[in-house]
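Trainee: Go by the hints and put chain B onto chain A.
Top line first, the protein sequences correspond to chains A and B. Under the UniProt record's numbering, the residue at position 148 of the first sequence is numbered 148, and the numbers go up by one with no gaps. Under the UniProt record's numbering, the residue at position 49 of the second sequence is numbered 49, and the numbers go up by one with no gaps.
Keep in mind that the hints were calculated from the coordinates and are not lab data. Treat the hints loosely; a few may be bogus.
Coverage of chain A stretches by chain B, computed from C-beta distances (three or more under 8 Å per stretch; other residues unrestricted) [to be verified]:
no., segment
1, 161-173
2, 189-203
Partial selection, computed: residues in chain B whose CB lies under 8 Å from chain A [said to hold, decoys possible]:
no., residue
3, Met110
4, Met139
5, Pro140
Treat the numbers as computed from the prediction; the structure is a model and nothing was measured. Glycine included, each C-beta is placed from N, C-alpha and C at the ideal position.
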Amino acid sequence: MVEKDEAKKRGRSSSSSSSSSSGSSSTGSSSTGSRSSSSSSSSRSPSRSPRRNRPTRGGRSRSPIRRGSPPRGARANRGTGDRPDRRSGSPPRRRRSVTPPRHRDRRDRSGSGARRRSPRRSSPIARSASPAKRVVIKNLSKNVLKAHLEEIFSIYGAIKGVDLPPDRFHAHIHRGYGYVDYENHDDAEKSIKYMNGAQVDGLQVQVEMTIGRQAPAPYRRISPIRRRSSPPPRDRKSPIRRGGRSPPPRRRSPPGFRGSGANNMPLGPSRFRRGGSRSRSPAGRGRSRS
Amino acid sequence: MSNGQVVSQVAVSQDKPLDREKLCPMLLRVFCANNRHNPVSEYNNRNGGSVPANELQMYTWMDCSLRELTSLIKEVNPDARRKGTTFDFAIIQADRTSTRYILRDIGNTMNGQRGIDDHKTLQQCKFEVGDFVDVAITMPNQQRRFNNHGDRRDFDRRPRSPIR
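One chain only, chain A, in its complex shape (with noise of 0.2 Å):
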């Protein structure tokens, strides 16, 4: 449900009474049609309003208090436990020199990250869709659900599918963008028009088309060249030097095979962003070097 009140004073939002009712109306003077009661959002909602035809109204300020545990229903079912976790099946290697298990170690952990990017958090839609018809959410606050986006979206054309990728940490919370699927060109075109700059939860939004897959090529160029201008200090104590011994297989892989580093961020498809490049690359020099 999309609650609609604003305040109408500067000051101290005063509290006023009966609004500890436990409903989820919207207790605000005069809410325009509580549009759309939401079958599938919970119960608790952030507020919204669309850019423009805001109606302003006057009235008291104040912020309504809702009370109860809603039932965090709508959420993707992002599983946390699962995890595959390499490192147990292997016993602790006792009889090789002390460094290469290090190495092996690490790799299996990115080995870990890597297969947990692979099959089921690439969604359907992330591979079907075309660019044009996808729009990418920015600046969401992390009260909002993939109910929301779909309820809030929805009203601008049918939509395919909704994506809001989950923070690496903690797996029901969203990593503050999100994307929409249209199934129209022009009904993207729509959602942008009206929800470019609108507020969700008290915050405003951005709402882009996608960028395309070429976007982050001028990024892979930087690294080589600012590798080779700095070149590493001559006087180092030996062990260092010979674990670095061989800059050749540092370089890595053909770069097309890079995907945009973390650095690069929210923006582009978000199969770029999944695991990152980072947690990859070591894995790729531990490989070469032994």
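Mentor: Quick look at chain B alone, frame taken from chain A:
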């Protein structure tokens, strides 16, 4: 003109003046407990993000002060209206680098007495929309128990300096 005057170069971002008529409110989830904060372990990622049971949901703005929050809590919580009741506020945030949640104290207020934290706003406390607020409500005749997390041992020694 500013010669004789020391101006901090490390400008703490002051609250942008926030127009409550233009900006729509945000959802604020408040969890109250008596005499203590809810244990941080009750905020976790299990079953899709579980939280303590007693939840208050408010719609408010980032420039909401602690005093204002207090009055909102008192509105729904008649027990907390007695004079001398203390409200300890903390922000619960999801840690960015681990799967835990973090409790961060931001201040306290007391019924019928002005305090230093009264006009602290959520914005000043680096609240982000979607964080939780945990409130420990202590009645005047009871004693605050902050045992469940260790850094609060010095709490009762902290002066509740009334302002002015």
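Trainee: Are the hints correct? Go through all of them and say.
Mentor: Hint check:
no.: 1; hint: 161-173; in the structure: holds (count 6)
no.: 2; hint: 189-203; in the structure: holds (count 4)
no.: 3; hint: Met110; in the structure: violated, 17 Å
no.: 4; hint: Met139; in the structure: violated, 20 Å
no.: 5; hint: Pro140; in the structure: violated, 21 Å
The structure is inconsistent with the numbered hints 3, 4 and 5, although it conforms to all the rest.
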